[in-house]
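Chains as they are written, first to last, in my numbering: chain A, 1 to 90; chain B, 1 to 324.
Don't take every hint at face value.
Stated by the list, open to error - Think about it this way: if two alpha-carbon atoms lie no more than 30 Å apart in a straight line, the pair counts; the simulated DSSO-like pairs of lysine-lysine are:
| id | chain 1 | residue 1 | chain 2 | residue 2 |
| --- | --- | --- | --- | --- |
| 1 | B | Lys259 | B | Lys307 |
| 2 | B | Lys307 | B | Lys256 |
| 3 | A | Lys60 | B | Lys13 |
| 4 | A | Lys5 | B | Lys256 |
| 5 | B | Lys200 | A | Lys60 |
| 6 | B | Lys75 | B | Lys200 |
| 7 | B | Lys75 | B | Lys255 |
| 8 | B | Lys259 | B | Lys30 |
| 9 | B | Lys30 | A | Lys18 |
| 10 | B | Lys256 | B | Lys30 |
| 11 | A | Lys60 | B | Lys35 |
| 12 | B | Lys75 | B | Lys35 |
| 13 | B | Lys307 | B | Lys101 |
| 14 | A | Lys5 | B | Lys13 |
| 15 | B | Lys255 | B | Lys35 |
| 16 | B | Lys101 | B | Lys255 |
| 17 | A | Lys18 | A | Lys5 |
| 18 | B | Lys96 | A | Lys60 |
| 19 | A | Lys18 | A | Lys42 |
| 20 | A | Lys5 | A | Lys60 |
| 21 | A | Lys42 | A | Lys60 |
If you're looking for bench data, these hints aren't it; they were derived computationally from the structure.
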Amino acid sequence: MPTAKIPPVLRSSTGGEKEVAVDGATVGDALRSLAAQHPDTKSQLFGEGGELNRYVNVYKNDEDVRVLDGLETPVGESDTLVILPAMAGG
Amino acid sequence: MSAGVDSRPCGGKYGDTVAAIGHTPLVELKSLAPKPDVRIWAKLESHNPTGSVKDRVARSLIEDAEVRGAIEPGKTILEPTSGNTGISLAMICSLKGYPLKVVMPSNVTEERTQLLRMYGAEIVYSPGEQGSNGAVAMALEMAESDSSYYMPYQYGNEANPRAHYDGTAAEILEELDEVAAFVGGLGTGGTLMGCARRLKEADPATLIVAAEPLQGELVQGLRSLDDGFIPPIIDLTLLDRKIFVSNRDAVVWTKKLIKEEGIFAGVSSGAVAAISHRVASEVDAGNVVTVFPDGGWKYLSSGVYTKSIDELEADGTLETASFW
């Protein structure tokens with residue numbers, strides 16, 4: 001099963017869990033699986049139309065899925081989804 | 001003679017320090033090239049007057065405001081920064097007669113505070129655990145409540161990427177006939193957006209790759225994901241790939257640059273070197289170009305150059321420091 005890594009800011013919504021095993025063959029399915037297991041994450045991850053929230057970055061292993069195929073990006077059993085808040089530098 | 005490439009006289013002749021910004025050397029990283037048909041090049045932005053790529057941006061931001069009549073000597077400039085933009089603004093503002101106030105996360109290295117004070121800037125610290133996002137939020141509040149400030153706002157000002165479109169990328173194209181891939185660090189997005197536009201105009205096939213920091217967990221102290229921040233100048237459609245780099249990998253590659261190339265660079269340079277090597281492994285042939293944003297001087301006190309990776313992990317530096 002793919003694994004979702006949970007950032008500190010979301011851990012109060014996952015009962016403190018840092019990693020959650022998720023189901024699904026796409027990023028979207030995997031994140032919806034996370035939201036099904038931990039319903040408090042749903043409104044933080046997704047907008048009302050089911051799109052990825054603007055300030056949430058999701059990486060398949062280390063690549064941003066927005067620059068791949070977004071929520072349709074395929075994920076395999078051994079992939080890790082890293083969820084991070086969008087942070088700037090400069 | 002060891003150059004092996006056509007070189008130009010370094011430097012040039014300029015009327016003042018601000019005019020001397022840019023025109024940085026483009027250096028081949030021979031030991032990092034993974035295959036014979038791929039060459040990796042890095043623009044050494046440490047050669048700018050205050051030692052970072054942000055000299056280009058700060059000059060562009062101030063000159064843009066001057067041209068628009070938005071500022072005149074005596075006007076106080078306010079800007080959020082993780083350090084380098086502030087230092088560059090401080091040098092330029094001190095020469096041009098603009099008082100400068102910067103908002104900066106409290107967990108940056110001491111050197112940045114010293115350099116800002118040296119150039120006469122006033123510093124307001126934002127909560128370190130919120131990183132640059134916290135500095136941006138605080139500066140926006142200050143600007144809203146006091147209209148006497150002028151905030152260039154590097155995150156939302158097209159003068160930022162324009163500095164790279166007109167400068168950094170133009171200089172790269174002066175030296176190289178083709179660019180197979182460009183790797184830039186993602187902070188404000190200025191380097192990537194400006195270079196992407198110019199390089200894609202020259203060759204739409206040029207691959208544009210963003211390397212971004214994976215902040216340590218202790219620098220992700222946001223209250224909610226809604227406190228996330230995406231600089232308005234960033235257009236994701238210009239990026240072909242966006243890859244994060246952990247502080248650990250960035251430091252490993254920063255050390256590798258010293259050992260194998262003799263380059264004493266900042267930690268974000270290690271990050272873009274790591275991704276440049278990876279991209280170079282994946283293209284068949286051609287030039288992979290990157291920008292090393294600054295030298296290592298401002299990060300000496302963090303210990304990254306003198307301690308081992310194990311020591312840096314044990315003492316928490318990799319989790320708590322803010323290098324970008």
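Status of the hints after comparison with the structure:
A threshold of 30 Å between alpha carbons decides the hint, and for B/Lys259 with B/Lys307 the separation of about 14 Å falls inside it, so the pair holds. Restraint check: the Cα-Cα separation between B/Lys307 and B/Lys256 comes to about 14 Å, which is no more than 30 Å; the hinted pair holds. For the hint linking A/Lys60 to B/Lys13, the alpha-carbon distance of about 48 Å lies beyond 30 Å, and the restraint is violated. Of the supplied pair hints, the one linking A/Lys5 and B/Lys256 holds, its CA atoms being roughly 29 Å apart against a limit of 30 Å.
Taking the CA atoms of B/Lys200 and A/Lys60, the gap is near 26 Å; set against the 30 Å cutoff, the hint holds. Between the alpha carbons of B/Lys75 and B/Lys200 the distance comes to roughly 38 Å, so the proposed pair goes past 30 Å and is violated. This hinted pair does not check out: B/Lys75 and B/Lys255 have alpha carbons roughly 42 Å apart, beyond 30 Å. With a C-alpha separation of about 13 Å, the suggested pair B/Lys259 and B/Lys30 falls inside the 30 Å cut-off, and the hint holds.
Taking the CA atoms of B/Lys30 and A/Lys18, the gap is about 40 Å. The hint is violated against a cut of 30 Å. About 13 Å separates the Cα atoms of B/Lys256 and B/Lys30, which keeps this hinted pair within 30 Å; it holds. At most 30 Å may separate the alpha-carbon atoms for a hinted pair to count; A/Lys60 and B/Lys35 meet this at roughly 27 Å. Distance check on the hinted pair: B/Lys75 and B/Lys35 sit about 53 Å apart at the alpha-carbon level, beyond 30 Å; violated.
This hinted pair does not check out: B/Lys307 and B/Lys101 have alpha carbons roughly 34 Å apart, beyond 30 Å. The suggested pairing of A/Lys5 with B/Lys13 is violated, with an alpha-carbon distance near 53 Å, which exceeds 30 Å. A distance of roughly 21 Å separates the Cα atoms of B/Lys255 and B/Lys35; the hinted pair therefore holds under the 30 Å criterion. Between B/Lys101 and B/Lys255, the direct Cα distance comes to roughly 34 Å. Violation of the 30 Å bound is thereby established for this hinted pair.
Proposed proximity of A/Lys18 and A/Lys5 is supported: the alpha carbons are some 6 Å apart, at most 30 Å. For the proposed pair B/Lys96 and A/Lys60, the alpha carbon gap of about 47 Å is over 30 Å, so the pair is violated. Of the supplied pair hints, the one linking A/Lys18 and A/Lys42 holds, its CA atoms being roughly 16 Å apart against a limit of 30 Å. A C-alpha spacing of about 10 Å is found between A/Lys5 and A/Lys60, which places the hinted pair at or below 30 Å, so the restraint holds.
With a CA separation close to 19 Å, the supplied pair A/Lys42 and A/Lys60 stays within the 30 Å bound.
The structure fails to meet hints 3, 6, 7, 9, 12, 13, 14, 16 and 18 from the earlier list, while all remaining hints are met.
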